[in-house]
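Just so you know, the sequences run in chain order U and L.
With the numbering used here applied, the first sequence covers 156 to 400.
With the numbering used here applied, the second sequence covers 500 to 800.
The set of hints was computed from the structure by calculation and includes no laboratory data.
Here a beta-carbon is modelled for each residue, glycine too, at the ideal position from N, C-alpha and C.
Treat the hints with caution; some may be incorrect.
Unchecked claim - Cβ pair distances, simulated, as ranges: (1) L:692 - U:392: 37 to 47 Å; (2) U:286 - L:612: 19 to 29 Å; (3) L:612 - U:284: 51 to 61 Å; (4) U:176 - L:500: 38 to 48 Å; (5) L:507 - U:327: 34 to 44 Å; (6) L:500 - U:377: 50 to 60 Å.
Claimed, not checked - Covered stretches of chain L (chain U as the covering partner; in silico rule of three or more C-beta atoms under 8 Å from a C-beta of chain U): (7) 599 to 607; (8) 656 to 668; (9) 776 to 785.
Said to hold, decoys possible - In silico lysine-lysine, DSS-like type, Cα no more than 27 Å apart, as pairs: (10) L:572 - U:252; (11) L:550 - U:259; (12) L:550 - L:514; (13) L:605 - U:174; (14) L:517 - L:717.
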Amino acid sequence: MEARSTSPIVEIIRFELEKIWSAPYVGLILMLLIIGGPTSSAPMLVEGSAFEVVLSSIGGFKILFLYLITILTFANSFGRDIEQDVLMGEFTLPVRKENIFVAKLLANLSLLLLMDLTVTLFSIWIITASISLASAASIVLVDVATLLLFIAITILMSMVLRSRFGAVIVSIAVYFFESILLDSIALAITTTNPPNLNPAYILLKLVFSGELTVFTWGIILIHIAFPLALLAFAYFFFKEVLQLD
Amino acid sequence: MIVVEELFKSFNKVKALKSLSIRVPNVISGLIGPNGAGKTTLIHVLTGLIKPDSGKVEVMGLEPWSQRYELMKKVGVLLERPVFPPNVSGMRYILHVVRVMGLLEKEAVETMRKVDLLNYAERRVSGYSAGMKVRLGLAKAIVGRPELVILDEPTANLDPSGRMQLLKLIKRMHREEGIGFLISSHVLPELQKVCSWVCLMHEGKAIEQDYVENLLDKYASTVCALRVSKPSELAATLRNLGLKVKIEYGTLYIKGDVATIRSEVARLISQTGSELISFHQLGRNLENVFIKALKDEKYGG
Numbered sequence: 156m157e158a159r160s161t162s163p164i165v166e167i168i169r170f171e172l173e174k175i176w177s178a179p180y181v182g183l184i185l186m187l188l189i190i191g192g193p194t195s196s197a198p199m200l201v202e203g204s205a206f207e208v209v210l211s212s213i214g215g216f217k218i219l220f221l222y223l224i225t226i227l228t229f230a231n232s233f234g235r236d237i238e239q240d241v242l243m244g245e246f247t248l249p250v251r252k253e254n255i256f257v258a259k260l261l262a263n264l265s266l267l268l269l270m271d272l273t274v275t276l277f278s279i280w281i282i283t284a285s286i287s288l289a290s291a292a293s294i295v296l297v298d299v300a301t302l303l304l305f306i307a308i309t310i311l312m313s314m315v316l317r318s319r320f321g322a323v324i325v326s327i328a329v330y331f332f333e334s335i336l337l338d339s340i341a342l343a344i345t346t347t348n349p350p351n352l353n354p355a356y357i358l359l360k361l362v363f364s365g366e367l368t369v370f371t372w373g374i375i376l377i378h379i380a381f382p383l384a385l386l387a388f389a390y391f392f393f394k395e396v397l398q399l400d
Numbered sequence: 500m501i502v503v504e505e506l507f508k509s510f511n512k513v514k515a516l517k518s519l520s521i522r523v524p525n526v527i528s529g530l531i532g533p534n535g536a537g538k539t540t541l542i543h544v545l546t547g548l549i550k551p552d553s554g555k556v557e558v559m560g561l562e563p564w565s566q567r568y569e570l571m572k573k574v575g576v577l578l579e580r581p582v583f584p585p586n587v588s589g590m591r592y593i594l595h596v597v598r599v600m601g602l603l604e605k606e607a608v609e610t611m612r613k614v615d616l617l618n619y620a621e622r623r624v625s626g627y628s629a630g631m632k633v634r635l636g637l638a639k640a641i642v643g644r645p646e647l648v649i650l651d652e653p654t655a656n657l658d659p660s661g662r663m664q665l666l667k668l669i670k671r672m673h674r675e676e677g678i679g680f681l682i683s684s685h686v687l688p689e690l691q692k693v694c695s696w697v698c699l700m701h702e703g704k705a706i707e708q709d710y711v712e713n714l715l716d717k718y719a720s721t722v723c724a725l726r727v728s729k730p731s732e733l734a735a736t737l738r739n740l741g742l743k744v745k746i747e748y749g750t751l752y753i754k755g756d757v758a759t760i761r762s763e764v765a766r767l768i769s770q771t772g773s774e775l776i777s778f779h780q781l782g783r784n785l786e787n788v789f790i791k792a793l794k795d796e797k798y799g800g
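Bound conformation, chain U alone (with noise of 0.2 Å):
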């Protein structure tokens, strides 16, 4: 009877990703995305060379959208509150927990990078009446980066709090001290003109010009190494402690 012609990996990815397009709110984080990045964008048009417009896309209102619909998309899959019925479901399958972790996390983030590279382009070609895919690519890559922090604290947090809406607001809650941290560099550097410290400007930096300072250093560790061991730490948990009751 046993006739395998897909891998279970590749199908829960495929059903994970067909349950959130067919939820009837997708439309509409959509919409607010492909508004809300171009809006964003503009007051930089006057002043800005074409580079500052493209960065300027990573900013605002979008990255904030973005990092909401993030760490939602990510606690909503892996919260154990309501979700836990759903995670109990799939653990009744013959699939192997491991393959469950890495389907979800697979589907979200391939939706999610769908989405902010579909918005980015055209947001590119709103501001710039011309479509740049490298940009845009470039663009994508940093707010995965900076967006892979939170992923991996919420992933971590829906499954140690047994919340969701715990999770999104632990990652809420480091969000805002990673914000005032920041800030408060930036204070104590300069007074005159403080550099942009924002992760995603830091990091597209490097992309574009390869400049690699203690602040890209800082922002690599704390928005891809520590998320890296931290989405490893949850591999763990969700395999070998995770327990359903």
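Chain U is fixed; fit chain L onto it per the hints.
Quick look at chain L alone, frame taken from chain U:
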């Protein structure tokens, strides 16, 4: 076949399972007990969703927590509150299960037919009734043709006709495909209708376990209630045989060895030409078994 020995499981200070030991045969079996007896915790342990604190657990020869993946190929599960993605159709959901299990896609159609959902296969799950959702959960549980299906309170949200339908389906699948079932419920009359074996649970322990007929024989009352067309004549004859007989509102209550009462009543009815309206042994039901077993447990018999 399920083997559980000296199983303990606690949640913080609450001891959900206390030295539980059971051996469940691969028939239609029931887990009986009031809310809080530990039925759901036991099912979660048996399906590898939670890790026991101590004790031995074996389901179809596998240890659930460490061999959950292998176990789920042999065992189908329907949990107490099955949750399905609301925006996909019932058929798409079962197709997902089929693909994840690496089965032929025609299995999805066949399974939907078995649970009588084929006509609603393309409807979104959000539009399913409670009974249809339970049947969809059952479809998910049986789709890989498992050796055993574990059902946690499957009839809890169903109306009487939905319950009857589900119980019939379970009986049919056991008869036709030889699938063993373990059903947890606190609705005892319906379990009595389908189960051959039951375990009575109370406060995390198994207070009694055996085949239903054996338990009924053990705990049923020694009084039989009889309605016949000529009760006074029959009562007098039975008293002459040394049996204790009482008549209330035309019903004869006879106390004694049930087998003797049966044979004597059958003989006397044919002799006296009386007509038998009804005959039953009092307390021959699982509710009585549970109450008496619980009393024995509390007061040591």
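Exercise for the section: For residue 176 (chain U) and residue 500 (chain L), compare the CB-CB distance with the range 38 to 48 Å and indicate the outcome. Expected result: holds, 43 Å
Handout entry: Coverage criterion applied to the stretch 656 to 668 of chain L (partner chain U; beta-carbon cut 8 Å; 3 residues)
Key = Violated: only 0 residues of the stretch 656 to 668 of chain L have a Cβ under 8 Å from chain U.
Exercise for the section: With a cut-off of 27 Å on the C-alpha distance, tell me whether residue 517 (chain L) and residue 717 (chain L) pass. Expected result: It holds: about 25 Å lies between the C-alpha atoms, which stays within 27 Å.
Practice task
Return holds or violated for the Cβ distance of residue 507 (chain L) and residue 327 (chain U) against the range 34 to 44 Å.
Solution key: holds, 40 Å
Handout entry: Distance restraint between residue 605 (chain L) and residue 174 (chain U), which requires alpha-carbon spacing of 27 Å or less
Key = holds, 22 Å
Problem - Pairwise hint evaluation, residue 259 (chain U) against residue 550 (chain L), where the allowed Cα distance is 27 Å at most - result: Status holds; Cα separation ~23 Å.
Practice task
Take the C-beta atom of residue 612 (chain L) and the C-beta atom of residue 284 (chain U), compute their distance, and say whether it sits inside 51 to 61 Å.
Solution key: Holds, since residue 612 (chain L) and residue 284 (chain U) (Cβ atoms, about 57 Å apart) stay within the stated range.
Practice task
Count residues of the stretch 776 to 785 of chain L with a Cβ under 8 Å from any Cβ of chain U, then say if the count reaches three.
Solution key: Violated - the stretch 776 to 785 of chain L has 0 residues with a Cβ nearer than 8 Å to chain U, which falls short of three.
Exercise for the section: State, for the Cβ atoms of residue 286 (chain U) and residue 612 (chain L), whether the hinted interval 19 to 29 Å holds or is violated. Expected result: violated, 51 Å
Exercise for the section: May I ask you to test the hint 37 to 47 Å on the CB atoms belonging to residue 692 (chain L) and residue 392 (chain U)? Expected result: At 44 Å between Cβs, range holds.
Handout entry: Given hint residue 514 (chain L) paired with residue 550 (chain L) - CA-CA distance at most 27 Å
Key = holds, 14 Å
Exercise for the section: Please count how many residues of the stretch 599 to 607 of chain L have a CB within 8 Å of a CB from chain U and say whether that reaches 3. Expected result: Our answer is that it holds, as 6 residues pass the Cβ test (under 8 Å) against chain U, meeting three.
The structure is inconsistent with the numbered hints 2, 8, 9, although it conforms to all the rest.
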